[in-house]
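So the mapping is simple: the numbering used here equals the position in the sequence shown, first residue as 1, plus 4.
Calculated from the structure, these hints are not laboratory results.
Because the structure is a prediction, the values reported are computed rather than measured.
A couple of the hints might just be wrong.
[Claimed, not checked] Quick list of the computed label-pair ranges, beta carbon to beta carbon:
| no. | residue 1 | residue 2 | range |
| --- | --- | --- | --- |
| 1 | K51 | I8 | 49 to 57 Å |
| 2 | D100 | I8 | 28 to 36 Å |
| 3 | E122 | I8 | 34 to 42 Å |
Ideal Cβ positions, reconstructed from N, Cα and C, are used throughout, including at glycine.
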Amino acid sequence: MRWIAAVILTVLWLILIAIGFVALPAAAGDRVALAPAIWADYQIYLKNLGANEAYYAVTPDGLGGAPSGCSLIKCLPGPSGGTGVSEAEAIKRCEDVSPPSRNCIIFAKGAEIVVDYEMRAY
5 MRWIAAVILT VLWLILIAIG FVALPAAAGD RVALAPAIWA DYQIYLKNLG ANEAYYAVTP
65 DGLGGAPSGC SLIKCLPGPS GGTGVSEAEA IKRCEDVSPP SRNCIIFAKG AEIVVDYEMR
125 AY
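Build the full structure now, drawing on both the sequences and the hints.
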């Protein structure tokens with residue numbers, strides 16, 4: 005009985021992928037198809053960035069993302085002058101707000117985008 009349910013779920017998943025409702029994660033080096041909502045969040049990150057160190061991570065499918073070192077209000081420096089942030093923090097925050105089993109990648113270091121991307125068409 006369980007195997008029948010597993011087969012049905014697998015077939016449904018493949019149908020959703022085939023018609024474009026579900027995106028598969030991009031392989032390393034692939035272009036990230038960024039969702040408009042994630043691009044808008046990235047623009048807020050840029051606006052609040054200033055000269056501080058920060059990173060922005062996204063899911064390889066471009067449907068999730070999160071910054072490190074920045075609140076929605078401002079990227080504030082720590083006592084040493086830096087924000088005390090790391091790429092690992094951005095990746096962790098991205099994975100915390102994304103669906104399970106989505107490994108995030110660094111999209112930007114400061115204001116510099118470090119992956120090949122395109123805007124997802126809706």
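**Report entry** K51 paired with I8, Cβ distance criterion 49 to 57 Å
**Finding:** 52 Å, holds
Query raised in the report: Is it true that the C-beta distance of E122 to I8 lies inside 34 to 42 Å, as the hint says?
Result: Cβ of E122 to Cβ of I8: about 39 Å, so the range 34 to 42 Å holds.
Query raised in the report: When you take the CB atoms of D100 and I8, is the distance between them in 28 to 36 Å?
Result: Given a distance of about 35 Å, which is inside 28 to 36 Å, the answer is holds.
Checked against the numbered hints above, the structure breaks none of them.
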